[in-house]
Each structure stands twice: as structure tokens, then as C-alpha cells.
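Model the full structure from these sequences, guided by the hints.
Chains as they are written, first to last, in my numbering: chain C, 644 to 819; chain S, 644 to 819.
The list treats identical chains as interchangeable, and a pair is accepted whether it falls inside one copy or across any two copies.
In silico DSBU-like cross-links for lysine-lysine, where the CA-CA straight-line distance does not exceed 35 angstroms:
#, residue 1, residue 2
1, Lys767, Lys715
2, Lys727, Lys807
3, Lys727, Lys767
4, Lys812, Lys715
Because the hints were derived from the structure by calculation, they are not lab data.
Below, each chain spelled out in residue letters.
2 protein chains.
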Amino acid sequence: MPAPLPAVNDCIEMLDSETKAVETPEDHADELRLWLRLLTCTTLIEGEVRGRLRQRFDVTLPRFDLMAQLDKAPDGMTLSDVSKRMMVSNGNVTGLVERLVESGHLDRRTSETDRRVQVIRLTKLGRAEFRRMAAEHETWIADLFADLTPKEVRELMRLLARTKASAQKSAARRRP
Amino acid sequence: MPAPLPAVNDCIEMLDSETKAVETPEDHADELRLWLRLLTCTTLIEGEVRGRLRQRFDVTLPRFDLMAQLDKAPDGMTLSDVSKRMMVSNGNVTGLVERLVESGHLDRRTSETDRRVQVIRLTKLGRAEFRRMAAEHETWIADLFADLTPKEVRELMRLLARTKASAQKSAARRRP
DNA sequence: CGGAATTGTTTTAAGCCTAAAATGTTTTTC
DNA sequence: GAAAAACATTTTAGGCTTAAAACAATTCCG
Chain C
644 MPAPLPAVND
654 CIEMLDSETK
664 AVETPEDHAD
674 ELRLWLRLLT
684 CTTLIEGEVR
694 GRLRQRFDVT
704 LPRFDLMAQL
714 DKAPDGMTLS
724 DVSKRMMVSN
734 GNVTGLVERL
744 VESGHLDRRT
754 SETDRRVQVI
764 RLTKLGRAEF
774 RRMAAEHETW
784 IADLFADLTP
794 KEVRELMRLL
804 ARTKASAQKS
814 AARRRP
Chain S
644 MPAPLPAVND
654 CIEMLDSETK
664 AVETPEDHAD
674 ELRLWLRLLT
684 CTTLIEGEVR
694 GRLRQRFDVT
704 LPRFDLMAQL
714 DKAPDGMTLS
724 DVSKRMMVSN
734 GNVTGLVERL
744 VESGHLDRRT
754 SETDRRVQVI
764 RLTKLGRAEF
774 RRMAAEHETW
784 IADLFADLTP
794 KEVRELMRLL
804 ARTKASAQKS
814 AARRRP
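Here it is in C-alpha cells:
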């Protein structure tokens with residue numbers, strides 16, 4: 644049996660590798676599967692965390708996430724800071740904050756120096772409740788990832804960092 | 644300087660390593676960071692895909708996802724099949740399907756053999772539109788993951804498969 | 001200075017999403 | 001066969017989410 648020649652498509656691609664303007668549709672099935680798997684993992688874990696937060700603390704996941712951002716910022720954050728960090732729309736944050744102020748978890752005041760800006764902070768109650776929830780939350784996450792070895796955790800971290808960078812680059816290409 | 648002794652906590656853990664019922668709070672910071680990174684990647688890519696679907700095709704991501712499920716099932720699916728596959732609530736699917744039937748993309752009929760069951764399928768229009776969108780969608784995904792080498796893609800697939808299994812096991816422990 | 005662009009937030013309209021209760025149907029069990 | 005359990009879907013009530021438009025305050029710049 645003779646050694647196989649390169650497939651026709653490969654030849655075309657080799658000739659045309661600079662522009663990549665090949666007429667043959669390339670196969671991206673692997674990337675697609677990877678994306679679906681990534682989405683499945685996230686949805687699975689997110690749903691689990693959402694359910695536990697509701698059952699144990701009667702709190703929603705977005706509220707918890709917002710409090711988590713504020714816990715890391717003792718001097719408070721502006722709404723647009725929060726919006727960028729949480730990667731959600733401005734209007735979304737407005738409503739979320741409204742409800743958390745209402746329930747006494749957040750304090751909100753207009754900046755002295757720039758009257759456009761709203762600065763929000765955790766109240767004493769908000770911080771206490773968040774800390775209580777966060778401690779338990781951390782054990783849930785540990786449990787959800789429990790079967791991964793420390794080495795696998797590190798490798799996954801590395802690959803996800805690469806994924807994030809790749810996706811950000813791709814997004815920037817579209818919206819420069 | 645003498646060689647350092649093992650820290651007290653480590654001794655306790657060694658003695659008690661079988662039950663792991665140590666009073667000292669264990670450190671799960673790595674798993675927590677991993678989870679946040681996973682979530683960031685998914686949110687980033689999901690947002691990008693959502694925006695492109697809207698701009699190019701004026702369609703929402705959930706509609707696209709639902710059509711994707713049906714494209715793989717030429718004989719149709721029941722609502723609860725769809726709900727399980729998409730990992731969303733039943734009521735959510737009801738509304739989504741309602742709108743897609745309204746717009747002519749889906750056909751819905753009550754099963755002959757079991758009058759509880761609704762079977763939905765893509766219409767000719769729905770299938771044609773989905774195929775058109777899916778082709779482009781695939782290139783977006785490929786682009787978003789473009790900086791990963793084929794080897795990294797495979798390794799990420801493997802680690803996410805392990806993650807999914809771990810999370811499912813953890814979820815099952817709680818809801819047997 | 002004063003108009004123009006920019007920035008930060010809110011509002012609006014529409015759709016997505018969930019948990020839980022309600023409804024209708026089929027299967028199980030006694 | 002009738003009551004009970006299980007199943008598939010819909011409804012309900014409330015919250016989340018987005019994109020786009022509107023509003024308000026600041027900064028830029030000629």
C-alpha cells in the first residue's frame with residue numbers, strides 16, 4: 644500500500660494558508676463541542692449553587708454575586724464598576740441595587756465630588772450575612788470540584804485563562 | 644535555624660485524615676477561583692454569541708439554543724425532553740415554544756398515544772433559518788477559541804468532562 | 001466662556017427564568 | 001375498578017436581563 648497523499652483540501656489550504664480564504668468549509672466541530680461542554684459545566688454548577696443559596700439562605704444568586712463584589716471593596720464601588728465586574732448591563736445593576744438597599748443589605752449615596760456617580764457599600768447587616776453565606780458557599784464549590792486533583796485544578800485554571808484571553812481578543816476584533 | 648516542624652493544623656489533619664472532620668476551616672480558595680474563571684469564560688463567550696445572533700439575525704440566544712436541540716431530532720421532541728437537554732425549567736420551555744410557534748419556526752402537536760405530551764418539531768422555515776444561522780455561529784465559536792492549540796482543546800475537553808462528572812456526583816449526593 | 005462630546009445612571013419595553021402551585025392525563029396499586 | 005401515585009405541561013408571581021433611549025452631570029476644546 645503506497646503512502647497516502649495529502650488530502651485535496653489540505654493542499655488547497657497549504658497553498659492558500661495566508662489569506663485563509665478557502666472555499667471549503669472548515670471543520671470546527673471540536674471547538675463547538677468544547678463550547679457546549681463549557682456551557683454545560685457552568686449551567687450545572689450555577690444551577691446547583693442557585694438552588695442551595697435559595698434553600699439555605701433564601702437569597703438569589705445575582706444578589707449574592709453583587710454582595711461578593713462589594714465585600715472585596717470596603718470603600719464601596721460605583722454602579723458602573725459593579726456592572727463591569729459582574730459583566731451585566733447597567734440597568735440590571737440599578738434594579739438589583741434597588742432591591743438590596745430596600746432589604747437593608749446595601750447603602751447607597753451620591754458621590755460628593757461627582758454628582759453623576761452613585762457609590763454603594765455593604766451595610767453591617769449586609770456584610771455579616773454575606774460572610775455567613777460565603778463560608779458555606781465555598782464548601783459547596785469545593786465539593787462540586789472535589790473529584791479533580793490539585794494538578795487538574797491548576798491545569799484547568801491555566802487553560803481557562805488562555806480561553807479567556809482568546810475570547811477577549813476575538814471580541815475586540817469585532818468591536819475595536 | 645532548625646528545620647520547621649509540620650504546622651499544627653497539618654498534624655491534626657494527618658491524624659484525622661480518614662473522617663476529614665477537622666474543626667479547622669480548610670482552604671478552598673483554588674476551587675473558588677477556578678469556578679469564577681469558568682463563569683467568566685462562559686459569560687464572556689455567551690454575551691458575544693448573544694450579541695452577534697441579535698445583530699446578524701435578530702434572534703435571541705435561547706431561541707437559537709432551542710432550535711439547535713430540535714435540529715438534532717428530526718422526529719421531534721417532547722417539551723420535557725427539551726427542558727432536560729437545555730437544563731431549564733419546564734415553564735421556561737412552554738413560553739419559548741409559544742413564541743417560536745407564533746413566529747412560524749416550530750410545529751407543535753399533541754401526541755396521539757399520550758394526550759399529556761406535546762411534540763414539537765422545526766418547520767421547514769425554522770430548519771432553513773437555523774441552518775443558516777448555525778453555519779455562521781460555528782465560525783464565531785471557532786474564532787473565539789482560535790488561540791487554543793488543538794492539543795489544548797482536547798485537554799480542556801477532557802478536564803471539563805471530569806468537571807461535569809464531579810459536579811453531577813456532588814449534586815446527586817445532595818438530591819439522591 | 002459655551003457648545004459638543006463623554007460619562008454615569010435610570011427608564012422602558014420586551015423577553016427570559018425560576019419555583020411552586022394548579023391542571024389534566026396516565027399508570028400503579030390495592 | 002377506584003383511589004393514589006406519577007407524569008407532562010401550564011399557570012402564576014416575582015425576579016433577572018438586555019438593548020436602546022432618555023436624562024443628568026462633567027469634561028473637552030475651540
